[in-house]
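Novice: Sequence:
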Amino acid sequence: MSSENGTRDAGPARQAAPQPPVTPLGEPRKVAAALLRYRVMAWVTGIGLLFVVAGMVQEYALHAGDAITRVMGPVHGAFYILLLITTFDLGTRVRWNVKRMLLTALAGTVPFLSFYAERENTRSVARRLDALR
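In terms of my numbering, the sequence shown has 38 at position 38, counting the first letter as 1, and numbering is strictly consecutive.
These are calculated hints, taken from the structure and not from any lab test.
If you're wondering where the values come from, they're calculated on a predicted model, not measured in any experiment.
Be aware that one or more of the hints could be misleading.
[As the list claims (entries may be wrong)] With beta-carbon atoms standing in for the labels, derived distance ranges:
id, residue 1, residue 2, range
1, A54, K30, 15 to 21 angstroms
2, R100, A32, 17 to 23 angstroms
3, A54, R133, 40 to 46 angstroms
4, I81, A126, 22 to 28 angstroms
5, L36, R95, 14 to 20 angstroms
Heads up, the beta-carbon is just placed ideally off N, CA and C, and yes, glycines get one too.
Sequences are here, hints too, so could you generate the full structure?
Specialist: The structure is reproduced here in structure tokens:
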């Protein structure tokens, strides 16, 4: 049918299915899941890096062999790649700028810095999530 102004009526309005709230942070449940994945990988990567450093001390300072470095070097590398993925996932969900994502990613290459970055990023994201509740 046509309406008075000559446009065609679409018929009865359809009810849209309820959608989860979309915020500047993205969907809060998905942000929380991404934060958890990031936190786990930040800790695993940081611990792996400490093993690599211990292995380097053992190898170069104590001249006691390179077994730890040979094993933990590639393991840390794999963990670091997963940290990059989880950092990008979280960063895009919470709308971090590129600088923050890069600095967060680089924190996995400096002993102990991944623990600090994880703590600061967790606080920041948690505050933003709490503001939505």
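Novice: If a hint holds in the structure, say so; if it does not, say that too.
Specialist: A quick look at each hint next to the structure:
| no. | hint | in the structure |
| --- | --- | --- |
| 1 | A54 x K30: 15 to 21 angstroms | 36 angstroms, violated |
| 2 | R100 x A32: 17 to 23 angstroms | 19 angstroms, holds |
| 3 | A54 x R133: 40 to 46 angstroms | 42 angstroms, holds |
| 4 | I81 x A126: 22 to 28 angstroms | 26 angstroms, holds |
| 5 | L36 x R95: 14 to 20 angstroms | 18 angstroms, holds |
Violation of the numbered hints given earlier is confined to hint 1; every other hint is satisfied by the structure.
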